[in-house]
Amino acid sequence: MAPILELQGVHAAYGRIEVLHGVDLAVPRGAVVALLGPNGAGKTTLMKVCSGRLRATSGHVHLGGSHVNDAAPDALARAGLCTIPEGRGIFPNLTVAENLRLSGLAGQASATEIYETAFERFPRLAERYDQLAGSMSGGEQQMLAMARALVTNPAVLLVDELSMGLAPLIVRQLYDVLGQIAERGVTVVAVEQFADMALRVADFAAVMTHGRIVAFDEPEVIRRDLAALYLGGAAA
Amino acid sequence: MKARSSNVRRGGALVAAVALGALATPAAWAGPAPAPRPADSGSSSSLGGWTVSASAAPVTMEIYDPKIPIPAQPGKPNLEFDISYTRAGYGSGPTGAATASFLWPGDAIAFGLGQLFNSPNVKYPILTNVQFPGASPDATMQPVPGSYMQSHTDANGSTSVSSFGLPLPGTGPSLPGQAPSSAPSSPASSGGLLGGLLGGTLPQPQLPDLGSLIRFLTGQSALVDVQGERSQSSATVTNGHAVATAESDAGKLLILGGLIEFDGLKVTSQSTSDGVKGTSTGNVDYGSMSVAGVNFGITANGIQTPFGMVALPQLPDAMNQVLAPLGISVALPAASDVSKDTAGEMFSHGLQITIDTAKLKAMLPLTPVLNQLFAQIPPSLTSGLPAPLPSLIQTLPQLAPKIVLTVGSAKSKADASQAIDLSGGASGGPTTQPSGAGTSGGTIGSSGGTGGSDTSGGVGGSSGGSVGGTGGVGGSTGGGTTGGTAGGTAGGVKPSPPMQNTAAKVTPAAFGGLPGQLLVGAAVVACVAAWGLRKYSTLLFGGAGCEAGHSTGVPDLREFDE
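Residue numbers (my numbering), protein chains in the order written: chain A, 189 to 424; chain B, 308 to 869.
Everything labelled a hint here was simulated from the structure, so no lab data went into it.
It is possible that part of the hints are untrue.
[Stated by the list, open to error] Example chain B residues on the side facing chain A (calculated, C-beta under 10 Å, incomplete):
no., residue
1, 841
2, 855
3, 857
[Unchecked claim] Okay, the calculated bits of chain A under chain B, using three or more residues with CB under 8 Å as the criterion:
no., region
4, 252–258
5, 267–273
As the structure is a prediction and not an experimental result, all values here were calculated from the model.
Cβ coordinates follow ideal geometry from the N, Cα and C atoms, glycine included.
Here chain A stands alone, though its shape is the one from the complex (with noise of 0.2 Å):
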């Protein structure tokens, strides 16, 4: 399987701080992969580089087979690789019915066929249509977000700390439509930094620290060494 994601020895960093030394990574088209590791490993930072947001210093980010280093963060967006960001992302002033149409304004579906889409998997949207964003508990703009993405049709979802905030009963929730979505020929790449509800659905696991991607193997394996990895770098 051809990775629709890879990353060859990408360096970023902010101003003259270097935070990503050289990561190696590729995602098969189609999987789930988690990207753990613990605060301040890199994780968000690569995201940004993936999606655009952040320029790679060196190294090479090859999206759909093609090199993409210096291509914008809309085009990547109107490529089919959307970014659910830390924090959700939505507009809290804004009702839960003018965010999913925001959203899908890059697109050509119309406004019935975008509600059709986020109020299928998240029916608890259709209760608050008319209700601010802002006002809506965590685990209902967490799934605003997500359905903001899934609007927009993509081909690669990157999913930034989807638990944060949330209780487990929520979080566990979310990442079931994660797989779902997947189900559905998406490529997810999850960071989280709790590793147990994103093994639960990822197909391949990916730690990092310290700006590096220290193992990548299957969820079972991580599960495994994750306390070592997260601790000490490479499991024996």
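Based on these hints, arrange chain B on the given structure of chain A.
The following block gives chain B in isolation, referenced to the frame of chain A:
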């Protein structure tokens, strides 16, 4: 795998942007002409901005003495008192302010008394002051019977009036000591300048001794006694002109207990601006003046003295010779018209009397008497007063200020700028000259327009404009395309000659003329440059190639097939 580059979409966006810019470019604009601008309704519609101010006072007293513990800039008085002072201001916005006070102590004290006494509740009591926008458009006050102060301001202008012992403008004759000839009439029905604004009735001029009040407040015994005075100031915009009017009237003025006496003094000043040129007029009318019982009739020809007629502004030496030993000098300042360009400014003022009280005290040995008088004041009374009053009271006997009295002053200033015709103008000729006025004409015609009616063309001025408009669309025979210089030479309303309408397209007035074109052009160039940099930056400035041999570009991931 289908790797359709998104550059195709970017290219589409560029085409759209260029097309939008081209549409905005005047040469390509062939859309419907904007609706004709409504004719000037006599308001401020032809002016884009204005600043109008007027102030007047029948008597202005400036006191200079460095011993007075009130800081003053060099050459400026330490204290100032204006009697029946009015002030009006009006600016585009609109904003307005009107102030009236029959004993005006200057801005610092009138508005800064609370700060002086460190208590915001302390306010100067003899004052009406309104501002627009503000809580109330009107303020009136009658601090003593026979006095009247009113200030008014709204979106149309500002007016203020202050009167004591004289009728309000347009309310009929009344002199100091005389009761009104009839029952108090409504100024609104009298048709005066402020008639429509004054809703109250005229106060009964019972005439208390205002001179006593002034003497009390100034500490200058018998220095000035005023019996009836009035002033009014207005700042408005009418018929496309910004107008400032100031007028002061003094009924009878006694100086030094009647040593010098003025009767009937009227000073007016008016400045106007139509946004093209500022003009001013001023006038000073005297009734009579007497010094030590000798009458000096003042007429338009000069001053009639016992020694013959002396032409103004020269004053008879005999008069100053009489007054010099007392430290008094009289001068007739020239009215100053400092109008320039679009601003009209005029300062009219009557006689100016300078009194050196040091000499006066020498002639009248008052200092020992004053010292004894102030020595009788218990310290407990003055120690409780807020600063700087205790030190001021202690220094009063030693004060020997120079006092400058200006009898009758009226100051007016008006400045305006013409409106920019964003709608393309209603006529092709000079558009700023109000219909029927025909005094100055426009300097620059509208830069185009929709054309007037088929037959009317533009409205000319007496001198016409120097540059005409460039034409308009609409009028088949008229429309006055270059009516600036061709505008009326005979004054009044004169249609510009019918000219062939040569402009096939609407001119770029909707985008502000040349600056608008430059702005739109710059935006289009910036769009193209940004797109080019984004697309070809790697080619131009270099970039890392792909060592793995992958093509550069963004594929459609939805079509990705390994």
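Right, here's what the structure says about each hint:
| no. | hint | verdict |
| --- | --- | --- |
| 1 | 841 | holds (7 Å) |
| 2 | 855 | holds (6 Å) |
| 3 | 857 | holds (4 Å) |
| 4 | 252–258 | holds (count 7) |
| 5 | 267–273 | holds (count 3) |
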